[in-house]
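Student: Next come the chains, spelled out residue by residue.
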Amino acid sequence: MDQQLLRKREAKCVQDNPPGCTAGCPVHVDVRGMIDAIRKGDYDKGYELFHKMVPFPGIISRICDQHCRTGCKRNEIDEPISINALEKICADKCQNAPKLVRPPLKNQKVAVVGAGLSGLTAALELTRKGYRIVIFEATGRLGGSIWNIPESRLPRELIHKDFAIFEKFPVEINYNTAIGNRGGSIMSFASLCENFDAVFLGVGCKELNSLDLGLEQDASGNLVIDPVTLATSQTKVFAGGSIRLGCENRSPALSISDGKIATISIDRFLQGVSLTANRGKEGSYKTSLYTNIAGVKPQPIVTAAEPASGYNEEEAAQEANRCLSCECKECVKACEYLAHYRGYPKKYAREVYNNLSIVMGIHHANKMINSCSLCGLCEHVCPGNLNMGEICQEARQMMVAKGKMPPSAHEFALRDMQFSNSDRFVLNRHQPGFTASKMVFYPSCQLAASSPHVIKKIYNFLCERIDGGVGLMLGCCGAPANWAGQEDLYKETVQKIEQDWRSLGSPRVITACPSCFSMFKRNLPDMSVEMIWTLFDRIGLPFSEESGMEPKKLAIHDSCTTRHEDQLQTSVRNILGKLGHNIEELPHNRDNTTCCGYGGLMIYVNKEVAHKVINKRIKESEADYVTYCAMCRDNFASQGKRVYHLVDMVFSNDQDNLAEQEVPGYSQRQENRARVKTSLLREVWGETVEEPQSDVKVIIPPSVRQVMDDRTILVDDVKKVIAHAESTGNKLKDLEKDQFIAYYQPVAVTYWVEYSPQDDGFVVHNAYSHRIKITE
Amino acid sequence: MSNHAGQQTVNLVCVKCGINLTLGKIALEYLGSNFPVELYK
Ligand code: SF4
Ligand code: SF4
Ligand code: SF4
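From first to last, the protein sequence lines stand for chains A and B. If you want my numbering, it's the 1-based position in the first sequence plus 44. If you want my numbering, it's the 1-based position in the second sequence plus 276.
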């Protein structure tokens, strides 16, 4: 994943963009943060955030013209937040104003002509950057036109308090000093320009001609000012405030914004860098932050009981509570995995990229990258369609390619896949008595593991209903390799499947697993593939006497791998209807469905997150669930949910206990698959199959079985250790417990078993494994 | 495995040679990195 692609991906996430209020505010006050502080009664913090962007907080807290309110999201619901009133209470209640630091002085001198809000802002901001500032003001006081505002609205002590800052900074102020090239001016503008390195012109709404500055004017006599940089026709002269806005459009907020924009330009000019590069987001703009307001109720704006003194604390808190704290995080709300890591995709994308870039050291994001279920829900809910799964899967592929994938991450799932694609399970046959197949049934490894008893019934039913022969293919579709980022292994697996399928004459594939369906559909373009449910919806169900389950209310869980298969989802609902059940739709359904915790191998990599995912899902409804994927069923059942697999509802006779069917452990799953193959060979093809002779007989108590499943250790692994220890004599004896301890490393993992002999077998007391190799 | 490494003393005997396990230096390898530890052997 190169830097450019990463940028493109993460640019889809708008969560970092400011809320509408901040973007609308010409100086970008963090209104959301300030309001959050007010909610907590922390006015010092609120004031700090306000003051951070506003140089004269006392004045602005009374007179701001609130461009922020135009951008406020609440406009779409009722009325925007009363932001200036909240700023006022922060300014009034603040006990500890933050201190301003004085930077080392630079040599360059800047003249500020006119001490209105724009000029004073430029003067203060440039001083804070270390420039030497000289102010030239035509009258005898600072503030310009703000003195025209009635005292009742703008108490004079606030003006004095805000401007006291100029006594603390080395700013030279020349009062009663008009600048211009006409008579009456104390100093000519031309000589000013000669004596200073840069000039900011903020003379308010004056009749320009009366000043005769020699700067370019447009047809209507206005000064020509670049809207982005505030540069004038003379290189070192910048201008802003009411001289730019015009007398009719005076705006305190825009004036201080101009002072700030000019500061950036003058600083760049004096440093000799580009005036125009990267200047997108200064002043007021429209944000691209998305905020979901569905379900937000209208709430009238809070009015102060005493308008003259503004909000009291209670009123301020009430108004603050109307604020939506705008943010996107649609994906985080929908996905437990994203919520677990306490960030959002833009942040995660960076972490993934950093993780891939470091050569040595700890790869902190490994587990995060490997925990995503690759389910695609984020892409579906994201306004910019960012797919975190795509990022995680690519990252896995790169980790594998560079040898940086910890082998422990996916080892068990890959071994399980290897089993399913070994001789123990794989089978490719035409229907008995046929030499060709019109269709081929591909039940999937997980259905065979989870509901072994139904495979033969489905197959017989298909053979009965479909003319022209129904073949059978047993195996694993390769999803684990695909999800693990093992591209080579996946390709190899798919090629093998394709070969077997072609050798049967490339019949139409009917599968009973949504993952197989989506894997084949996506990666085997020549293969025509369908799920049993759309087929059954067309050809009808095998209504036998036994399948008489009481009609009930069932909530459908759609599989995430088939989230865009609208026809399939409809067929599943049709079939439930034909069975006489009442369907409940979950809040997340169809293309908006969630993963069950199996996708992307989440459950093997991060049980904690997978359990969160499962538990959130099973609590969406009290009703029993019905799934059409074996893993979905097993994952929900493992956390105590009553859940049916649709296939069991149609094909099983043991109707009553279906929802409580026990989830088979990992060893049992493999045994079930092997048994499906042998019983089909015997019962359908009439072949004699030798049972493989097990050399070691083990007795495993249920508690140890549980421990083994948690540690993904198979009965087979344990047998190998004991067989090895018994044949070589390489074992230890624990004298206290009177037990043997032995280990064996068949491939990468070393297994340890504590056991003792009993009759003709061995009792297993404990088993554990590790990947650290003992070299000496 | 850690069940045993953490204990102060162990009462383990090698079945083949009948000798008690004692602490000794062992080299371990994980993901291509080597590190020595002291364990019973
Ligand atoms: S949905 Fe998620 S990824 Fe998309 S913009 Fe919102 S926070 Fe970012
Ligand atoms: S609701 Fe709050 S955070 Fe959202 S735009 Fe309005 S003031 Fe800002
Ligand atoms: S688990 Fe699904 S919704 Fe969550 S980040 Fe991964 S792909 Fe997106």
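Incorrect hints may have been included.
Claimed, not checked - Derived EDC-like pairs (lysine to aspartate or glutamate); straight-line CA-CA distance at most 16 Å:
1) Lys781/A <-> Asp804/A
2) Lys685/A <-> Glu715/A
3) Lys292/B <-> Glu629/A
4) Lys390/A <-> Glu358/A
5) Lys596/A <-> Glu629/A
6) Lys292/B <-> Glu704/A
To be verified - Only part of the chain A face toward chain B is listed, based on derived beta-carbon distances under 10 Å:
7) Leu198
8) Leu202
9) Asp311
10) Gln539
11) Ala767
12) Asn774
13) Lys775
14) Leu776
15) Lys777
16) Asp778
17) Lys781
18) Ala786
19) Tyr788
20) Pro790
What the hints assert, rightly or not - The following label-pair restraints were derived from C-beta to C-beta distances:
21) Leu297/B <-> Ala445/A: 38 to 44 Å
22) Val291/B <-> Lys663/A: 25 to 31 Å
23) Thr722/A <-> Val289/B: 40 to 46 Å
24) Leu297/B <-> Ala55/A: 40 to 46 Å
25) Thr722/A <-> Leu297/B: 32 to 38 Å
26) Val291/B <-> Lys391/A: 31 to 37 Å
27) Val289/B <-> Glu731/A: 56 to 62 Å
28) Lys301/B <-> Lys391/A: 41 to 47 Å
Quick caveat, the hints were computed from the structure, so don't treat them as lab data. In this text, all values refer to a predicted model and were calculated from it rather than measured experimentally. Glycine included, every Cβ here is placed at the ideal spot set by N, Cα and C.
Student: Indicate, hint by hint, whether the structure satisfies it.
Tutor: Each hint tested on the structure:
Restraint check for lysine 781/A and aspartate 804/A: the C-alpha separation of about 20 Å exceeds 16 Å, so the hint is violated. For the proposed pair lysine 685/A and glutamate 715/A, the alpha carbon gap of about 25 Å is over 16 Å, so the pair is violated. For the hint linking lysine 292/B to glutamate 629/A, the alpha-carbon distance of about 65 Å lies beyond 16 Å, and the restraint is violated. Note on lysine 390/A and glutamate 358/A: the hinted pairing is violated, with a Cα-Cα distance of about 37 Å set against a maximum of 16 Å.
In summary, the hint linking lysine 596/A to glutamate 629/A is supported, as the alpha carbons are separated by about 14 Å, within the 16 Å threshold. With a C-alpha separation of about 49 Å, the suggested pair lysine 292/B and glutamate 704/A falls outside the 16 Å cut-off, and the hint is violated. At about 68 Å, the closest approach between the beta carbon of leucine 198/A and any beta carbon in chain B exceeds 10 Å, and the interface hint on this residue is violated. Among the interface hints, the one on leucine 202/A is violated; its C-beta lies about 65 Å from the nearest C-beta in chain B, farther than the 10 Å criterion.
Look at aspartate 311/A: its Cβ only gets to about 49 Å from chain B, farther than 10 Å, so that hint breaks. Because the beta carbon of glutamine 539/A sits about 30 Å from the nearest beta carbon in chain B, more than 10 Å, this interface hint is broken. Using the Cβ-Cβ criterion of 10 Å, the hint placing alanine 767/A at the interface with chain B is not satisfied: the shortest such distance is roughly 15 Å. Checking asparagine 774/A against chain B: minimum C-beta separation of about 7 Å stays under 10 Å; hint holds.
Against a cut-off of 10 Å between C-beta atoms, the interface hint on lysine 775/A holds, since the closest Cβ of chain B lies about 5 Å away. The criterion of a C-beta within 10 Å of any C-beta in chain B is met by leucine 776/A, whose closest approach is roughly 5 Å, and the hint holds. Residue-level restraint check for lysine 777/A holds (minimum Cβ-Cβ distance to chain B is 5 Å; threshold 10 Å). Below 10 Å, beta-carbon pairs count as interface contacts, and aspartate 778/A has one with chain B at about 6 Å; its hint therefore holds.
Given hint, lysine 781/A at the interface with chain B, holds; its Cβ is 9 Å from that chain's nearest Cβ, closer than 10 Å. About 9 Å separates the beta-carbon of alanine 786/A from the nearest beta-carbon of chain B, less than 10 Å, and the hint is met. This hint is violated: tyrosine 788/A has a C-beta 14 Å from the nearest C-beta of chain B, more than the 10 Å allowed. Restraint check, proline 790/A versus chain B: the minimum CB separation of about 17 Å is more than 10 Å; hint violated.
The beta-carbon spacing between leucine 297/B and alanine 445/A, approximately 42 Å, falls within the hinted interval of 38 to 44 Å. For the pair valine 291/B and lysine 663/A, the supplied restraint of 25 to 31 Å is violated, since their beta-carbon distance comes to about 52 Å. Hint check: threonine 722/A to valine 289/B, Cβ distance near 43 Å, so the stated range 40 to 46 Å holds. Judged by the Cβ atoms, the range 40 to 46 Å given for leucine 297/B and alanine 55/A is violated: they are separated by roughly 59 Å.
Hint check: threonine 722/A to leucine 297/B, Cβ distance near 44 Å, so the stated range 32 to 38 Å is violated. Range check, valine 291/B to lysine 391/A: about 55 Å between beta-carbon atoms, so the 31 to 37 Å window is missed. For valine 289/B paired with glutamate 731/A, a C-beta distance near 50 Å fails the hint of 56 to 62 Å. For lysine 301/B paired with lysine 391/A, a C-beta distance near 44 Å keeps the hint of 41 to 47 Å intact.
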